[in-house]
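Novice: Take these sequences, add in the hints, and give me the full structure.
If you want the building blocks of each chain, they are given just below.
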Amino acid sequence: MRRTRGFTAVALSAMLLMAGCGANAADDSDDAGGAGKGGKLTVLSASTDINFDPAKSQNLAITTLGLVLRRLTTWDIQPGKTAQVVPDLATDTGTASDDGKTWTFTLKDGLKYADGTAITTADIKYGVERSFAAELSGGLGYHKGLLIGGDTYQGPYTGGDLASIETPDDKTIVFKLKAAYGDWPWIASMPAFTPVPKAKDDPKAYSQNPVASGPYQVSSYQQGTAVTLTRNPNWDAATDSVRTGGPDEVVFQLGQDATVAAQRLIADSGDDRDAFGAGFVPPAQLAQIEQNASAKQRLVTSDAGALSYLALNTRRGALKDVKVRQAIQYAVDKSAYQVATGGAAGGDLATTLITPGIPGRAEYDLYPAGESGDVAKAKQLLAEAGQTALSLTLLSENDQQSLAEAQAIQQGLQRAGITVTIKPADETTVTDTLTGDKPDFDIAVSSWQPDFPSANGNIQPLFATSEIGGGGYNISRYSNAEVDRLIEQALATTDPAAAQALWAQADKRILQDAPVVPLKYNKNSFLHGSNVQNFFVAAFPAYPNYLKVTLKNR
Amino acid sequence: MTALKRLPGVLGTLVVISLLTFAVFYLLPADPAQLSCGRPCTPDRLAQASAFMGYDKPWFQQYLDFLGGIVTGRHFGAGRAAVDCAAPCFGWSFRLNAPVTRLLLDRAPVTFSIAGGAALLWLVIGVGAGVLAAVRRGTAIDRSAMLLSTVGVSAPSYLVGLLGILLFGFTLDMVPVGGYIPLAESPVDWAWHLILPWTVLALLNAAVYARLTRGQMIEVLGEDYIRTARAKGLRERRVIGRHGLRNVLIPVVTVFGLDLGTLLGGAVITERVFSMQGLGALLIDAVGTVDLPVIVGVTLFSALLVIVANVLVDLVYSVLDPRVGKETTSR
Amino acid sequence: MVVDIPPPELARHPLRQLASDRWAVAGGATIVVFLLIALAAPLLSGLEGHDPYTYDLDAVSDTGAPLGFGGGISVEHWFGVEPMTGRDLFAIVVHGARTSFLVGFAATALAVLIGVAVGLTAGYLGGWYDRLVSRFIDVLFGFPWLVFVIALGAIAPADLPKQLLIILVIGLFGWPGIARVVRGQTLALKQRTFVVAATALGAGPGHLLRHQYLPNLTSTIIVYSTMTIPGMIGAEAALSFLGVGVPPPTPAWGRTIGDAVGWVQTDPMFLVFPGTALFLITLAFNLFGDGLRDALDPRTRGLKR
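Residue numbers (this note's numbering), protein chains in the order written: chain U, 1 to 554; chain E, 1 to 331; chain V, 1 to 305.
Hints in this document: simulated from the structure, not taken from any laboratory.
Backbone N, C-alpha and C fix where the C-beta goes; we use that ideal spot for every residue, glycine too.
Check each hint, because a few of them may be wrong.
[As the list claims (entries may be wrong)] Part of the chain U face toward chain V, derived, beta carbon under 10 Å:
| no. | residue |
| --- | --- |
| 1 | Leu60 |
| 2 | Thr63 |
| 3 | Pro282 |
| 4 | Gly343 |
| 5 | Ala344 |
| 6 | Asp348 |
| 7 | Thr351 |
| 8 | Asp399 |
| 9 | Leu403 |
| 10 | Gln410 |
| 11 | Gly412 |
| 12 | Thr421 |
| 13 | Asp426 |
Specialist: This is the structure:
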């Protein structure tokens, strides 16, 4: 789940995200307007597959898919600025009817696919419709529960068309929702809102060969090895405010080991000067970069954002007792955990659920125990709870990094006399056990970055009763009627300040029950070659913005 | 034909292996449909995804469908989005959106390139060193060759491989540190990118062959017909080349055949170390994502490799040693 | 995991022959030293004043790199400390020997037990049983057992010790090599006069196997076992290297090597100590096994002189 980004739609009328990304390297300043066209950019990626089918993708708007596919709206992510939703194919971010249930978008003029044919709203309607098909499930599907008739619609292959999306002409598209929804413009930036021409829709091949609308098109797809993007001749920069389209060619090298990729970028030789790593730099390489002036300049670290936490399964044995869970709050060695993730470069110690940079966050510490915990206090609470020989199973992914983190937790709890057995398993099994209906674990380290910068994104998916099991991320199985009421109330509150106060209240109320131990607000570090410029990581989302990266002219 | 006579046995073996693989992975707590459900995942959508992929059926039913697909092909879903997996269909990977057969064919060249080049190298080095040691037995050459080979057998491949990457790839910046270039694209780049894995694997494996060759050669050199050949005044080079080597090659070929058959097991580690996306990497990936069709496909493929290797060994036997009759098959 | 060696035969003065082989003696001595280290691991690390589990964050820098020379080597920490945790590397390495020996010996014992039983019966009984076993052996040789270990790790209940699971798995996949050799030897013995005579005299299968076959297979089994152990130790290390072996924090050389790979440029000693230990013990077993084979096999010995 480390790589999982949660997202919850919520009525949020103002984007008040704290700006600032001081850690971004100084070499971004040498960008002179439109300079940096041309060259072959290489992206080193650990994943072995890129799925370009917009219906099946969970890609962020600013990464791989954004280079090839445009949506109705998209994100404007810039260093030091707040994340914003901006028009992409549409002329604006949508116009809502008075009741907020009907949203209308109009397309820009002169938009074409790579083959020269015009992009129409019928294609966008079709693109959204096909995301409902069971054959193409797997993508971000927040729109499915919001559109009228979305609950039962089976997609265009078997279910005809979806009446709640109307296209009065080639340039206009209208969405009819079940209820007022102020954040529909954000929903329209999801991959499913990419135009897909019906005549070219081959569901079996689309994931490798999509019809391009962005600056690049897929020119070769070597399964598991590499994907090459070349220029889309029919992309017009004048219609696109967020994509630079710098390099002539973008090559994704797939299946790259994180350590080897980082070593290559540190060495910075040959073609690797034109490369950047899509994954986080491992802690060992962070230490190595510390002693390497050249590499240090090319390391880009985000501000502290996403929350890492220790989830306590509140429905298991001794963990049902709030005293025991509170004891664990004191027993955990957050400092050891921080070092295991790369020290200060890995993030800041956490005490709250709402993360820094989110509007309305109130700083507090319910369990003041210092950086390394308060073992005596933990023992005292355990004694009060009548637990003398507590033994817990910690479910962890079996990669090096996860195991290092698991051990840091283990040794911390051990100090208070809690025996922790680490159970390593592969990523899929772990995710499935945590979010599924057979939660066979006591505790687990997890992290959560919402796709959407709001306090709601921090609280609702992790602590609402409705998110327990069935693929939901309330992995602590925390259920409290009072908290559920607070969440509902906050969701329905349209005044931002009032909503924020409610979320802050929920934050504290939840931690009184101690279903999780907040560990750390993560910082993500990325490394790029010396010839790569305009490479930055904003505060949200804490990933590089692929759309703006250019190469220096050599 | 021996190969034909073996067919029922071969098929039976493959059925047992696939059944075993199916059963074990069916027991995994992970639900493959969950991965394809998307976010947010509702129980309805999960059930739909599961039904589409056929994971809602009991495991033996899934297994029978799998067997049937090999003969008749399979269909998933309906209408335009229907997935059509033509016979012989060894399953469909919903994660990679491709038939397993094509995935195997796509990835196999990588694994075979690594193994093939390395095998050639180690065969030459191993047999060469073994013969040299046997002919010069008891000398410093013999002792150091055997000591070196013991050292080679004792070093874990991943450790040597990673050190090789660090030394020759990063510190000396002499060779590429991984990544596969298809042979058709550029034979020079292909070989250049494979040079490190070839060397590492060859050095480690050559050790086994050197010892084997030496032991066999010493034994053969003591045989009567060699003495006769020498007594007849044949030159030593000819004695060794003509009479000695031929008999030494029989056990070497046996081991070589088996090694080639098992190359997939080693590929898992090799490909991980050298960041190459062959069958081993495909398999590990599939296990991590509970991509059952791919797991079964690769497992069956690897079992098939072993069987083919065994048949080939038999064939080479009959070429090397005309005396070898039918009974070799049961060896 | 499978070593193919020519089948040895019974020799007359194997021990004297073994003692005169310098490399074999060195190998044997190394094995004994490592065995003592493994047995006395808590004592040794106690002598140094550490255990392999306790974190010491004062010994590492803010980024997790060990402070001081050679990965933190000092009077306090003989081999330095582990990056990111500050755990004592000497304690980890000596305790890691326990894991290696335990898994290596137990898995070998299991593999030899099954291998001998299967090989002996297959060679003795012959017929369809032999054909079935031979086919099964062929397949097991090529089976991607690593995949099964990973899958089984996920299925196995948390309270089943992972060490036991690993012993079972690599033991159960490790027997075909010895089964094949024993089967071949048994087939050869079948033709020997003393066996033929005993059979003619009406000895039952139980008696034949126990009193005629097994004693004549002893040297093969001993040599083969010795040469299987390093393979098993290596298999456990490879699994731990891949993250599917003995779970942390139980020290295991393979896992430490896997962790150390990333650190090799900043802290090479982190790789050197466990890497050397694993290499030395494997080498020692191989040298000793070589010597043992030469000593027990009159053919190679005779020719060596």
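Novice: Give a verdict on every hint.
Specialist: To see whether the hints hold, each was checked on the structure:
For Leu60 of chain U, the interface hint is violated, since its Cβ never comes within 10 Å of a Cβ in chain V; the closest pair sits about 27 Å apart. At about 25 Å, the closest approach between the beta carbon of Thr63 of chain U and any beta carbon in chain V exceeds 10 Å, and the interface hint on this residue is violated. Hint on Pro282 of chain U holds. Least Cβ distance to chain V is approximately 6 Å, under the 10 Å limit. Taking 10 Å as the C-beta cut-off, the interface hint given for Gly343 of chain U holds, the closest approach to chain V being about 4 Å.
The interface hint given for Ala344 of chain U is met, as the beta carbon of that residue sits about 6 Å from the closest beta carbon of chain V, less than 10 Å. Of the supplied interface hints, the one on Asp348 of chain U is violated, with its beta-carbon coming no nearer than about 13 Å to a beta-carbon of chain V, more than 10 Å. Given the 10 Å rule on beta carbons, the hint for Thr351 of chain U is violated: about 19 Å separates it from the nearest Cβ of chain V. Nearest Cβ of chain V to the Cβ of Asp399 of chain U: about 6 Å, under the 10 Å cut. The hint holds.
Hint status for Leu403 of chain U: holds, given a least beta-carbon distance of 5 Å to chain V, under 10 Å. The criterion of a C-beta within 10 Å of any C-beta in chain V is met by Gln410 of chain U, whose closest approach is roughly 6 Å, and the hint holds. Interface hint status for Gly412 of chain U: upheld, as the beta-carbon distance to the closest one in chain V is roughly 8 Å, under 10 Å. Nearest Cβ of chain V to the Cβ of Thr421 of chain U: about 6 Å, under the 10 Å cut. The hint holds.
Because the smallest distance between the Cβ of Asp426 of chain U and any Cβ of chain V comes to about 6 Å, under 10 Å, the interface hint for this residue holds.
When each numbered hint is compared with the structure, violations occur for hints 1, 2, 6 and 7.
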